[in-house]
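Participant: One letter stands for each residue in the lines below.
Number of protein chains: 2
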Amino acid sequence: MTGKDMEIIGIPRAVRDACRKHLLQSRTIGFVPTMGALHDGHLSLLRKARRENDIAVASIFGNPMQFGPSEDFEKYPRDIENDIKKLRNEEIDILFLPELSLLYSSGFSTYINVDIISEKLDGGFRPGHFRGVATVVAKLFNIVDPTRAYFGQKDFQQTIIIKRMVKDLDFDLDIVVCPTVREDDGLAMSSRNLYLDKEQRRAARVLYRCLNEASDAIKSGIIKLEEIKDLMIKIISGEALVNRINYAAVYDPMTLDEVDVIQGEVLIAVAVRLGDTCLIDNMLINS
Amino acid sequence: MTGKDMEIIGIPRAVRDACRKHLLQSRTIGFVPTMGALHDGHLSLLRKARRENDIAVASIFGNPMQFGPSEDFEKYPRDIENDIKKLRNEEIDILFLPELSLLYSSGFSTYINVDIISEKLDGGFRPGHFRGVATVVAKLFNIVDPTRAYFGQKDFQQTIIIKRMVKDLDFDLDIVVCPTVREDDGLAMSSRNLYLDKEQRRAARVLYRCLNEASDAIKSGIIKLEEIKDLMIKIISGEALVNRINYAAVYDPMTLDEVDVIQGEVLIAVAVRLGDTCLIDNMLINS
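Those sequence lines, one after another, are chains B and Y.
In this text, residue positions in the first sequence follow the numbering used here: the first is 1352, and each later residue adds one.
In this text, residue positions in the second sequence follow the numbering used here: the first is 1352, and each later residue adds one.
Bound-form chain B, shown alone:
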């Protein structure tokens, strides 16, 4: 069950050398960057990376640059021992586990920004978040030089920002977006679900219910955004433990602009706060 030996490497240059060695032998590298606290959503990415490539590489790095000063960087779930067991179990070849100071050296001052789409949706509530994501992902891509990198659709905005960056900066790799993995009751898997107490955990089901009801309404022929938004907000507002709705609407999946008239492929997306915890979810549908 433990699979083959996994190398655990903390030094960026050593990871690069290990990956380059594989590259020189024309092996493909599948890469799954994570912040740890691995759940079944991560495991689905790891399995796909393992299946589709000669070499599977994962990273665990809690990236402070993508957390705002009032956010949860300090208390973000960490469970490195269990994470390592899970990675071994998925037969990952290399785990890149860098210390902070090795990725952000003294005088660090280079930032990558993907304009416009980084300001929408979660970007509006987390200034600088996607700049931090784009910057660290570019660093990891430069270190690992993967053939394919795997991300979950739950963080939809992140996936289109990274795809845009890869295209704009000519990174030589494919971005693979994998379906959101859900708990039995539909809640999207997220490390942040660990923050929820029992009552909040029950209340969190409202996100998936909201997406499904919006999807049903669109499929039944409603094409006016305002009607769908009203429906979504009514459903979420029915859950007393939700203390804020960040957004709940239907968007163009390329631009993340709200669509006035719903047609073609659209993104239904929602973000709410339950206590101090922000939860997001989305659904891509063909209307």
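Treat the hints with care, as some may be off.
Note that the list lumps identical chains together, so a pair holds whenever it fits in one copy or between two copies.
Said to hold, decoys possible - Straight-line C-alpha distance at most 30 Å; calculated DSSO-like pairs for lysine-lysine:
(1) K1372 x K1426
(2) K1437 x K1585
(3) K1575 x K1518
(4) K1580 x K1549
(5) K1372 x K1514
Just so you know, these hints were derived from the structure itself, not from any lab.
Mind docking chain Y on chain B? Use the hints.
Facilitator: Quick look at chain Y alone, frame taken from chain B:
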């Protein structure tokens, strides 16, 4: 004299494939990115890249992102036929000659900024210039994936911004900075020298004279910045055709901050306008 056959490639993916083929055979790649109108300064970079690597790659791309709206992008010197002759003569293996639309596709929105040092010196006079430089250089690095890339010391600020970006974003390559190549009378080679009329060309000698006199003064024991600045400004002001001094001072070569007390390695740098043409020059000295 024409050397071996040089491949001229316009498609980024084709350049990448050609370079990756060499990489897979463990060949080193030396890369010289240029905006064309090649002069002896460029040739010194090309020769060094040729000498130090198995494969020598040059690019010619006038990057609009690094020119401001009131700057000289449209009239920037272009002489592609002669450039190609010179590159063949230096036995360059691959010339990457992309069209604008292949590097900046519709919806382009990713920008790399190296904070703080990009705002100093020329950055103060050319807002967004170094963001454009950093972004296009990162793109070219991702396409060519060179072992070493060569830049001239004349654009000193550019070299430290690129070195910072390479370090911060974990690019796997070495930046090689080559000495400024000068005309017989000391004027630093620059494509923009072509803009100067005969009188301006003669007046342009004041930059090198100013750097030399500042250097002599520092070596003679003057350590107060204000004294050196006064001297530099006095020398430049003696040249009637100079219609603006952008800056003329002594700087910390890491931070580009002015140094109050001159000691250790310092950068003497100057930028002036002659008519519509901005000329820059610098000298690194050990005081």
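Participant: State for each hint whether it applies.
Facilitator: Hints versus structure:
Taking the closest pair of Cα atoms, K1372 and K1426 never come within 30 Å of each other, the shortest separation being 37 Å inside a single copy and 46 Å across copies. Taking the shortest alpha-carbon separations for K1437 and K1585, neither the intra-copy value of 40 Å nor the inter-copy value of 70 Å comes in at or below 30 Å. Taking the shortest Cα distances, K1575 and K1518 never come within 30 Å of each other, neither inside one copy (33 Å) nor across copies (50 Å). Taking the closest pair of Cα atoms, K1580 and K1549 come within 30 Å of each other only inside a single copy of the chain (28 Å); across copies the shortest separation is 69 Å, beyond that limit.
Both within a single protomer and between protomers do K1372 and K1514 lie at most 30 Å apart by alpha-carbon distance, with minima of 26 Å and 25 Å respectively.
In terms of the numbered hints stated before, the structure departs from hints 1, 2 and 3, listed from lowest to highest.
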